[in-house]
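Undergrad: Sequence:
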Amino acid sequence: MAILHLLLGSVALIGCMVALCQLLRSLIRRTVPSGLAQDLLIEIVSTLQLCCCTREMILLGTLGGIQPWLALTLTYLLTVLHCLTFQGATCNPCGSLEQWLRAQAPGPYIILKLAAQFVGALLSQVLMPNIWLLRLSPLHAWDKGCGSPLNMAPWQGALVEMTCALSLFLAMHFLPRVKPQYRLHVVALTITAIVYAGKESHITRSDISASLGALGHNDFSCYMTICK
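Sequential numbering of the sequence shown, starting at 25, is according to my numbering.
Please keep in mind that the hints were generated in silico from the structure rather than gathered at the bench. Accuracy of the hints is not assured; some may be wrong.
To be verified - FRET-style restraints, in silico, Cβ to Cβ:
#: 1; residue 1: 179; residue 2: 54; range: 37 to 43 Å
#: 2; residue 1: 205; residue 2: 142; range: 32 to 38 Å
#: 3; residue 1: 29; residue 2: 153; range: 19 to 25 Å
#: 4; residue 1: 197; residue 2: 149; range: 32 to 38 Å
#: 5; residue 1: 54; residue 2: 89; range: 42 to 48 Å
Idealized CB from N, CA, C, for every residue including glycine.
Turn these sequences into a full structure, and let the hints steer you where they fit.
TA: Now the structure itself:
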């Protein structure tokens with residue numbers, strides 16, 4: 025029952041955050057003309073959604089004591105949810121750099137997208153402690169915030185993240201052609217497998233890895249948020 029209470033609180037918070045970000049994306053598409061400004065605003069909102077959800081899952085995985093199978097199930101479901109709602113946003117520096125390396129976007133555009141992603145991440149750092157004040161879960165009463173799930177220095181974590189992004193890209197590149205309605209689930213399963221591999225190799229110390237999926241312009245990439 026205690027685990028169920030914690031899980032329901034985290035699910036409620038994530039659901040509210042996704043709904044709020046989806047509303048913001050809809051407003052942006054209706055009020056901001058198509059172009060650079062709209063792309064950057066959606067990038068900020070989508071990165072905010074990803075980072076807020078990741079922070080909540082890190083808190084749940086670090087302190088909640090949930091079983092590994094449940095953690096992997098949540099990873100899969102959240103990946104599907106993010107893929108369905110990001111609406112073309114990359115939400116990932118490595119994914120954006122990959123677009124530049126593959127000549128899919130010009131350098132100045134990628135730099136602006138990277139800046140938008142960092143803005144979204146910083147907003148989540150400010151927003152989540154205030155959302156936790158709502159005490160939707162007993163874990164939110166923990167006043168120390170969430171800590172990094174990495175057992176290594178940040179620069180080493182960045183290399184791991186790049187390796188995850190490359191592994192996912194190669195996996196998707198060599199997979200046989202799948203129908204569009206199944207592609208999202210194949211991506212989610214691949215990301216879940218990468219998360220499981222990272223957990224088994226002790227890259228992360230929590231039951232829930234901070235690796236979540238981001239989908240944009242048919243460019244799939246892993247994202248790892250390091251909480252302060």
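Undergrad: Each of the hints needs a verdict: does it hold here or not?
TA: Hint check:
no.	hint	in the structure
1	179 to 54: 37 to 43 Å	41 Å, holds
2	205 to 142: 32 to 38 Å	34 Å, holds
3	29 to 153: 19 to 25 Å	21 Å, holds
4	197 to 149: 32 to 38 Å	34 Å, holds
5	54 to 89: 42 to 48 Å	43 Å, holds
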